[in-house]
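Enquirer: Below are the chains, spelled out letter by letter.
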Amino acid sequence: MSNQEQNSPVLEIRSLSKKFVKPLDFAGKIAQKLGSNIREEVVHAVDGVSLHVNKGEVVSLVGESGCGKSTLGRMVAGIMPPTSGEILYKGQNIASLTGEDAREVALKVQMIFQDPFASLNPRLRVRDIIGEAPLVHKLTTAAEQDDYLDDVMLRCGLDPSYKRRYPHQFSGGQRQRLGIARALAVQPDFIVCDEAVAALDVSIQAQILNLFIKLREDLDLTYLFISHDLGVVEHISDRIVIMYLGRVVESAPTEELFAKPNHPYTQALLREIPRLDARHADFTPIEGEIPSPLDPPQGCHFHPRCPFATDRCRQEVPQLKSVAPGHMSACHLNEG
Amino acid sequence: MAAAVQDDGINPWRTFASDFAEKKLAVLGLIVFVALIAAAIFAPWITPQNPYDLNQIDFLDGRLEPGSVGSQITYWLGTDDQGRDLLSGIFYGLRTSLAVGAASTLIALVLGGALGLFAAYFGGRVDTLIMRIADLQLSFPAILIALILVSALGQGVDKVIISLVAVQWAYYARTIRGTALVERRKEYVEAATCLAISHRRIVFKHLMPNCTPPLIVVGTVQVAHAISLEATLSFLGIGVPITEPSLGLLIKNGFDYMLSGDYWVSFYPGLALLITIVSINLVGDQLRDVLNPRLKK
Chain A
1 MSNQEQNSPV LEIRSLSKKF VKPLDFAGKI AQKLGSNIRE EVVHAVDGVS LHVNKGEVVS
61 LVGESGCGKS TLGRMVAGIM PPTSGEILYK GQNIASLTGE DAREVALKVQ MIFQDPFASL
121 NPRLRVRDII GEAPLVHKLT TAAEQDDYLD DVMLRCGLDP SYKRRYPHQF SGGQRQRLGI
181 ARALAVQPDF IVCDEAVAAL DVSIQAQILN LFIKLREDLD LTYLFISHDL GVVEHISDRI
241 VIMYLGRVVE SAPTEELFAK PNHPYTQALL REIPRLDARH ADFTPIEGEI PSPLDPPQGC
301 HFHPRCPFAT DRCRQEVPQL KSVAPGHMSA CHLNEG
Chain B
1 MAAAVQDDGI NPWRTFASDF AEKKLAVLGL IVFVALIAAA IFAPWITPQN PYDLNQIDFL
61 DGRLEPGSVG SQITYWLGTD DQGRDLLSGI FYGLRTSLAV GAASTLIALV LGGALGLFAA
121 YFGGRVDTLI MRIADLQLSF PAILIALILV SALGQGVDKV IISLVAVQWA YYARTIRGTA
181 LVERRKEYVE AATCLAISHR RIVFKHLMPN CTPPLIVVGT VQVAHAISLE ATLSFLGIGV
241 PITEPSLGLL IKNGFDYMLS GDYWVSFYPG LALLITIVSI NLVGDQLRDV LNPRLKK
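Protein chains in written order, with the UniProt record's numbering: chain A, 1 to 336; chain B, 1 to 297.
By construction, these hints were calculated from the structure, which means they are not laboratory data.
Hints are supplied without guarantee of correctness; some may be wrong.
Here are the simulated distance ranges between beta carbons [claimed, not checked]:
1. A:GLN187 <-> B:ILE275: 54 to 64 Å
2. B:VAL34 <-> A:SER171: 37 to 47 Å
3. B:GLY178 <-> A:PHE20: 18 to 28 Å
4. A:ASP128 <-> B:GLY123: 21 to 31 Å
5. A:PRO325 <-> B:GLY178: 50 to 60 Å
6. A:LEU154 <-> B:ALA35: 44 to 54 Å
7. B:GLY178 <-> A:SER171: 25 to 35 Å
8. B:PHE140 <-> A:GLY172: 43 to 53 Å
9. B:ALA35 <-> A:LYS138: 47 to 57 Å
10. B:GLY178 <-> A:GLY231: 38 to 48 Å
11. B:VAL27 <-> A:PRO23: 51 to 61 Å
Calculated cross-link-like contacts (lysine to any residue; reagent style SDA-like; alpha-carbon spacing at most 25 Å) [stated by the list, open to error]:
12. A:LYS163 <-> B:LYS186
13. A:LYS22 <-> B:GLY124
14. A:LYS163 <-> B:MET208
15. B:LYS23 <-> B:ALA224
16. A:LYS19 <-> B:LEU181
17. A:LYS138 <-> A:ARG155
Backbone N, C-alpha and C fix where the C-beta goes; we use that ideal spot for every residue, glycine too.
Produce the entire structure from the sequences given, and follow the hints as far as they go.
Expert: Here it is as structure tokens:
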């Protein structure tokens with residue numbers, strides 16, 4: 001599926017970080033002045049993540065909830081500014097663009113959201129939900145809007161005669177299609193899917209995933225697919241990136257990752273996917289809770305839950321290193 | 001989906017009207033409210049007497065009981081101490097009360113609503129500044145602020161409206177901010193941001209329509225509140241001038257005679273005030289239900 005060799009990355013992220021700081025209130029500041037050790041609470045939601053997505057590729061970002069994958073997606077989609085690091089779209093740094101160029105790039109990167117209920121404005125009709133942005137950005141005119149919308153809606157498997165309806169008159173799967181149609185209406189070429197099927201029934205999940213695959217072929221799209229479920233992304237991704245507490249721990253082509261997972265965290269995740277051929281197996285959840293991002297462990301973030309942790313893991317942060325062609329992993333164990 | 005309304009070609013106003021009519025009490029409230037507005041607007045043409053034209057008043061008809069026949073007309077609701085027909089007085093009073101209530105509510109709603117929306121959407125310093133002023137204002141009793149302002153600005157309908165706006169805007173700002181803070185974090189706002197839609201458009205086209213239901217409820221309660229606040233100010237003698245009587249002023253006029261058995265001088269204006277406020281609240285409650293598409297069947 002992938003043709004990475006011929007293409008340069010559509011999107012490249014360079015050591016992107018996002019910190020959420022809860023500033024001290026007035027009383028806290030006074031306490032600090034008086035020598036108390038109260039400090040501002042800082043959550044390092046995304047901690048120096050680098051990755052690239054080539055044209056036509058589907059890259060999946062997988063991790064437990066709270067690992068920063070959605071924050072990363074929102075920064076890529078331009079909804080949230082990063083604290084540090086760069087996002088490059090076709091080689092241009094997004095932050096350095098202004099005016100017309102910035103708008104153009106912003107439209108080229110679109111996002112599809114998790115909650116098909118909260119992601120559609122309940123007071124707008126379908127034609128306004130999908131048609132507002134193309135009209136505002138002059139991708140179509142008022143006169144041609146109807147045809148334009150018919151086209152987009154048909155592409156997403158929606159009946160164009162529903163244009164005058166409100167979102168609450170649709171089912172979950174149809175609403176997700178509306179969300180997809182809204183994103184496609186501005187002619188993007190990179191789409192961030194933030195848990196786009198997590199809120200849907202399993203049968204509907206398959207339909208929507210198939211729609212994503214079909215749209216990629218029709219429109220030459222590139223996806224960054226964010227999910228907590230390796231089972232869902234297995235069939236549609238070319239490459240999988242595993243995140244844990246704000247850092248990338250492993251990145252590999254899908255088949256390789258499933259066949260030869262390197263990082264202990266990835267191995268643990270893979271063991272937990274329910275499979276038909278393992279229906280009698282006992283599932284053993286990964287021990288322990290995901291640590292508080294307010295106070296992440298020293299060294300390798302995964303060490304408190306890792307069965308193989310050594311002293312080095314408790315002190316030194318492992319770097320992403322190549323373990324096979326195209327396969328990167330951040331684990332000290334690889335160095336024996 | 002089976003229950004989905006295919007509303008192509010159907011007039012949305014008609015749907016709105018039929019939804020509203022589902023609650024009979026609300027319809028009654030609306031009818032009464034419209035009748036009151038009509039009575040207020042057409043007061044000069046439908047009242048038997050212009051109570052503030054001295055030529056039409058007979059001082060000897062003072063404090064006549066309801067239903068008494070005076071020298072020129074029958075006083076269905078009696079007269080006050082000056083011999084003015086109370087029915088006419090109430091219609092004229094309604095005119096002032098409703099105008100003051102509606103004008104002050106409308107201005108406060110637009111002002112407070114916009115400030116609250118900006119506070120919620122932009123957050124940070126804008127939010128702190130606007131909301132601390134609102135807090136400061138709300139920490140004083142409304143009647144105290146109104147009293148201070150009216151006594152500082154002087155008498156007059158416009159001064160009363162200004163002080164009512166100053167008292168009320170904070171309620172709207174606070175209400176809409178609360179709703180907007182919730183709405184602003186919803187994914188449809190993020191989607192609009194992602195679609196590079198301007199701040200102004202997001203605030204007014206996406207955020208505002210989703211924040212209005214509580215505002216309408218607060219708004220109607222506040223119309224009633226504004227009317228009664230104005231009545232209070234007038235009752236205390238610092239509201240509207242006696243040349244432009246409101247219901248509160250009429251109640252004040254009769255208050256001295258309450259204990260001497262001439263109840264009607266205060267009672268009927270008071271009843272008119274009560275009916276006005278109840279009918280507004282009935283309409284407001286139903287409006288809230290109808291304007292929320294999520295409650296639609």
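Enquirer: What are the numbers of the hints the structure violates, in ascending order?
Expert: Of the numbered hints, all hold.
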